[in-house]
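Trainee: Next come the chains, spelled out residue by residue.
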Amino acid sequence: MRADLATRVGAVAVDGGSFTPATPMGFRLHHVIEAQDFNRGMLDQLFRIAREMESVHEQGGNRCLTGKIMASLFYEESTRTRFSFESAMHKLGGSVISTENAKQFSSVSKGETLEDTIRILNGYADIIVLRHYESGSAKRAADISTVPIVNAGDGTGQHPTQAFLDLYTIEKELGHIDGITIAVVGDLANGRTVRSLCYLLSKYRSIRIRMVAPDVVKMRDDIKGYLARHDVVFSEETSLEDVAAEVDVLYQTRIQKERFGDREEDYEQARGVYVVTPEVMARMQRGAIVMHPLPRVDEIDVAVDDDPRAAYFRQAQNGLYIRMALLAACLGADIARA
Amino acid sequence: MRADLATRVGAVAVDGGSFTPATPMGFRLHHVIEAQDFNRGMLDQLFRIAREMESVHEQGGNRCLTGKIMASLFYEESTRTRFSFESAMHKLGGSVISTENAKQFSSVSKGETLEDTIRILNGYADIIVLRHYESGSAKRAADISTVPIVNAGDGTGQHPTQAFLDLYTIEKELGHIDGITIAVVGDLANGRTVRSLCYLLSKYRSIRIRMVAPDVVKMRDDIKGYLARHDVVFSEETSLEDVAAEVDVLYQTRIQKERFGDREEDYEQARGVYVVTPEVMARMQRGAIVMHPLPRVDEIDVAVDDDPRAAYFRQAQNGLYIRMALLAACLGADIARA
Amino acid sequence: MRADLATRVGAVAVDGGSFTPATPMGFRLHHVIEAQDFNRGMLDQLFRIAREMESVHEQGGNRCLTGKIMASLFYEESTRTRFSFESAMHKLGGSVISTENAKQFSSVSKGETLEDTIRILNGYADIIVLRHYESGSAKRAADISTVPIVNAGDGTGQHPTQAFLDLYTIEKELGHIDGITIAVVGDLANGRTVRSLCYLLSKYRSIRIRMVAPDVVKMRDDIKGYLARHDVVFSEETSLEDVAAEVDVLYQTRIQKERFGDREEDYEQARGVYVVTPEVMARMQRGAIVMHPLPRVDEIDVAVDDDPRAAYFRQAQNGLYIRMALLAACLGADIARA
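Chains as they are written, first to last, in our numbering: chain Y, 23 to 360; chain V, 23 to 360; chain H, 23 to 360.
So that you can see chain Y by itself, here it is in the shape it has in the complex (with noise of 0.2 Å):
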């Protein structure tokens, strides 16, 4: 299983799980396609990486990607991935070719398929940021492709690269991920946010998940499963003010609206139940922290943005390094040099 996720993600995994410097960043992905892909290894390296990003932002950016070539390639609009992801490969020196508007050249217009698309776009960019309303999408377009697909979601499916600026952050705020204690609150059905968090979390120590969810939007049991063979301890509660008391974490999530079709009513009836107020704050410890993956409607009250522990725009943030690591990684680049 080592040497298909070597392959799949393309880390060069050698004895005990440290990768061969492939690259001047001792660090080297191929396609970025699910959060499952990643071991302990390779998200200590990744990180690493962002951390050094922050440095190079803090400098106004580098050169190392210049004359490299990025697809931003959205079949479906999500203009804030799009930006981190175009704003990343601008403060590296790259350039980016963008549309939201990928239906237009696919098999919904004009009967092309997605393989077709790949193959075209191979001769035109050094690496594909890739947004599909189709689950699998982004597996099928790595198969072809022979330059670094990077998932930027892919229908209920995965969000790898958000999945990764969480933990980033989770690391970074509180100094370590094993044995955190965390809640994950709101739409647990639908989020694919929390799906790769969780599956992300399982492979991290001694974790302690709280599940807090209206009634129609429940935690699905393929990801309940999965957390009990890997030995994460996870419950579901009822009352968010009792567990925010316990947690390290605090990860709040959006009601999708858009996800409940015509169930308007199943819709009013979930949103609303769990909002993170500064009554729910005062019940906090002093070192927790709140998270959110953006945007929000009112699941989180405004006067929690300026209390010190309100962490999420400086998730959103952290998306600009991970993003500005992936694809020095994908792309084989030099930091140092530039």
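No lab work stands behind these hints: they were computed from the structure.
Possibly wrong hints are sitting among the right ones.
Said to hold, decoys possible - Footprint (simulated), chain H over chain Y, 3 or more residues, beta carbon under 8 Å: (1) 87-95; (2) 119-125.
Unchecked claim - Straight line, CA to CA, 27 Å or less: simulated DSSO-like cross-link-like pairs of lysine-lysine: (3) V:K125 to H:K132; (4) Y:K194 to Y:K225; (5) V:K240 to V:K279; (6) V:K132 to Y:K240; (7) H:K279 to Y:K132; (8) H:K240 to Y:K132; (9) V:K132 to Y:K125; (10) V:K125 to Y:K279; (11) H:K125 to Y:K125; (12) Y:K279 to V:K132; (13) V:K125 to Y:K125.
What the hints assert, rightly or not - Computed spacing ranges between beta-carbons, pair by pair: (14) Y:K132 to V:D244: 49 to 55 Å; (15) Y:Y155 to H:V324: 19 to 25 Å; (16) H:S77 to Y:G197: 48 to 54 Å.
The C-beta atom is built at its ideal place from N, Cα and C for all residues, glycine as well.
Since chain Y is already given, all that's left is putting chains V and H on it; use the hints.
Mentor: Coordinates of chains V and H only, in the frame set by chain Y:
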């Protein structure tokens, strides 16, 4: 009030209205929100830098903003304005992330506030050019942004960079602004261009304004009151021919069909009343000019385009220099060094 | 007529069809409007530069267009073509301002003419790549533009850069163009790709064209007349299998559903009639190639993709080199120096 201005636009005002050389250019802006925030000293500084930018442009641009990222955050489409800003940024070596579809990651689609969007973008961009459909949005954004906000038009409110380029064009074409007589023609009720221009002209001496508008789109009382309070002489006229003979500047505007909604009749009545034709040009003085913020429909006859007094395409070109100057001033660039 | 050509495409034609070394590359274009404007000497020059661009690309691009700005002015979406041009510009160090939504600042939405739009863009961009829905638009733009216009497709008219890359592919794959036999297959009535290619092929010697099209989309008389006048041997055939065995190039095209409007029945009758299958490939000569402008739907079986004679993805890649060459030739770049 001087102190307040300095805060809002970030100019470092010292004794007598001069500016401390806070930057290599000797002029620094924080945000660009409203035309009124700029006093005459600041306009002089801005125009001085714009003139330098003409040289920079002639020499093929420079790299004084290399490594900087501008976000074009357009909640409504305005490709011309966006292109002008993005071209300005590229000419100075900067990078751009861009959307004309910002509603998709905004309050409208998922319920996110403008404030949250701006806070997140603060992590991705060094400057944000904002176009929004709501009056006052740019001010709201500036209130919480850690990077400069440039207002590229907010609702029926302001479009300050257009006003600056208009004024810059007058100075460049005529050699001075004090003492001019200007006719503003067309849709004076809805055109924010003319409104912003009137605010700025009131900062100059001995300005005379002749207003020529169809009945349904006459100049509103708020502007007339403002002009009166600032000792600007103005009058409302009905004969474009008579007015043409006595002005230094004839500023024509489009009757904006989109402002009339279903009042099609009113629109039809308003358009075509005042058209700049070769006959009107024949009445104009030799040294006078015709301006227009563009796009035009038929309110200036194309037969006028070849007249050397037709300044509207030169005016559009000046938009590039003004925006280069504003970006440089907001980002503290060192033009000379680059 | 030679002089006229030189004017329209900007080549400096001197005695015997050679070109003065007006630029470091020895080849300069003003505009790229129609395939017919290019004579054989010009095509040779273009292909020579495209070959140089392959080396440039292999070495990761260069900076010969640094400081130059290309405007992608697309009045209809064509992400693939846009990406190809923008990637070419970036590979040469240039910058891009881009819209796929140009109708929004055009005659359609506010009544502005194409001419006015181009005049304004002349101030913002060093070269304009224009895609428009009306035949003849590119010519209209070139007539008033002070910067080069490159036609990226105008209505049912022309798509010259596609024709150049097609011809370049033939020369590269077969080693020559004179004397080839080519089958053009599919929608010959509406496909502007095939139309432009026929114009260009007529400039070469001893060309034979086999036309294979469903009844409802047969080749139109204008092209057949043109070929006849230029001594190109052509025939209309019905058996793809028979034709496959005798050609050097099998040029397949998509039946364009969008051209049929509500004539669904005609579309259904036309599609699926001529499909390139492994069986057809078995009939083809060892050194022959299959081309396709892409996207494809099902008119080439994916089982054919792995056949080394399947040249269509290499053909798409050649589009990058051709567009790099055209941009450099229009902007007078010095490839060697950069």
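Trainee: Given the hinted pair K125 (chain H) and K125 (chain Y), is their Cα-Cα distance within 27 Å?
Mentor: OK: K125 (chain H) and K125 (chain Y) at ~19 Å, within 27 Å.
Trainee: If you draw a straight line from the CA of K125 (chain V) to the CA of K132 (chain H), is it 27 Å or shorter?
Mentor: With a Cα-Cα distance of about 22 Å, the restraint between K125 (chain V) and K132 (chain H) holds, given a limit of 27 Å.
Trainee: Check the hint pairing K279 (chain Y) with K132 (chain V) against an upper bound of 27 Å on the C-alpha distance.
Mentor: Roughly 8 Å separates the two Cα atoms, so the pair holds.
Trainee: For the pair we were handed, K132 (chain V) and K240 (chain Y), check the Cα-Cα distance against 27 Å.
Mentor: 21 Å, holds
Trainee: Taking 49 to 55 Å as the hint, is the beta-carbon distance of K132 (chain Y) and D244 (chain V) inside that range?
Mentor: Between K132 (chain Y) and D244 (chain V), where Cβ atoms are some 52 Å apart, the hint holds.
Trainee: Does the structure keep K125 (chain V) and K125 (chain Y) at a Cα separation of 27 Å or less?
Mentor: 19 Å, holds
Trainee: Using the Cβ atoms, figure out if S77 (chain H) sits within 48 to 54 Å of G197 (chain Y).
Mentor: The hint (48 to 54 Å, Cβ to Cβ) holds, given that S77 (chain H) and G197 (chain Y) are roughly 51 Å apart.
Trainee: How does the Cβ-Cβ distance of Y155 (chain Y) and V324 (chain H) compare with 19 to 25 Å: does it lie in that range?
Mentor: 22 Å, holds
Trainee: Would the hint linking K279 (chain H) and K132 (chain Y) be met if the CA-CA limit is 27 Å?
Mentor: Measuring from Cα to Cα gives roughly 8 Å; hence the hint holds.
Trainee: Closer than 8 Å Cβ to Cβ for three or more residues is the test here. Does the stretch 119-125 of chain Y pass it with chain H?
Mentor: holds (count 5)
Trainee: K125 (chain V) and K279 (chain Y) were given as a pair; does the straight-line alpha-carbon distance stay at or below 27 Å?
Mentor: Between K125 (chain V) and K279 (chain Y) the Cα gap is close to 16 Å, so the pair holds against 27 Å.
Trainee: Given the proposed pairing of K194 (chain Y) with K225 (chain Y), does the C-alpha separation stay at or below 27 Å?
Mentor: Answer holds: K194 (chain Y) to K225 (chain Y) is near 17 Å, not above 27 Å.
The structure meets every hint from the earlier list without exception.
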